[in-house]
Amino acid sequence: MNNAKIFKMPFASVYPFYIQKAEKKGRTKAEVDAIICWLTGYDEQAFQQRLDNNIDFETFFAQAPLMNPNASKITGVICGYRVEEIEDELMQKIRYLDKLVDELAKGKAMEKIFRK
Numbered sequence: 019m020n021n022a023k024i025f026k027m028p029f030a031s032v033y034p035f036y037i038q039k040a041e042k043k044g045r046t047k048a049e050v051d052a053i054i055c056w057l058t059g060y061d062e063q064a065f066q067q068r069l070d071n072n073i074d075f076e077t078f079f080a081q082a083p084l085m086n087p088n089a090s091k092i093t094g095v096i097c098g099y100r101v102e103e104i105e106d107e108l109m110q111k112i113r114y115l116d117k118l119v120d121e122l123a124k125g126k127a128m129e130k131i132f133r134k
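Count the sequence shown with the numbering used here and you get residues 19 to 134, in order.
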């Protein structure tokens, strides 16, 4: 799958898979939402509006109020790529989110996920 196809994919179509991945490991939708809001700067209402409007990944991240400055501390491998080495800025943001949900599903404490 090329990047353009991923960028135009509706965020709301992938969101249930983030929740499913977390819930399979005993985590909650609220924790997934907290991670998304921490990373992007959306509040709960603005985040829900983006889901309701079925916007794509590109728009979702373009409209994000403020990417968390600690996002640069997210490191490791996701989908075979080191997130800190991904050159395309949008793809890196998408993989940051993938990595955070993965850490949640692996049982990492929220404080560690939030890079405190």
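No lab work stands behind these hints: they were computed from the structure. Be careful, since some hints might not be right.
To be verified - Once the Cα atoms are required to be at most 35 Å apart in a straight line, the calculated DSBU-like pairs of lysine-lysine come out as:
#1 Lys-126 to Lys-39
#2 Lys-126 to Lys-47
#3 Lys-23 to Lys-39
#4 Lys-91 to Lys-43
#5 Lys-43 to Lys-134
#6 Lys-42 to Lys-130
#7 Lys-124 to Lys-134
Taking the hints in turn, this is what the structure says about them:
1. Lys-126 to Lys-39: Status holds; Cα separation ~14 Å.
2. Lys-126 to Lys-47: Holds, because 15 Å separates the two Cα atoms, which is no more than 35 Å.
3. Lys-23 to Lys-39: Holds: Lys-23 and Lys-39 sit about 22 Å apart, inside 35 Å.
4. Lys-91 to Lys-43: At roughly 24 Å apart (the allowed maximum being 35 Å), Lys-43 and Lys-91 satisfy the hint.
5. Lys-43 to Lys-134: holds, 23 Å
6. Lys-42 to Lys-130: Measuring from Cα to Cα gives roughly 20 Å; hence the hint holds.
7. Lys-124 to Lys-134: holds, 18 Å
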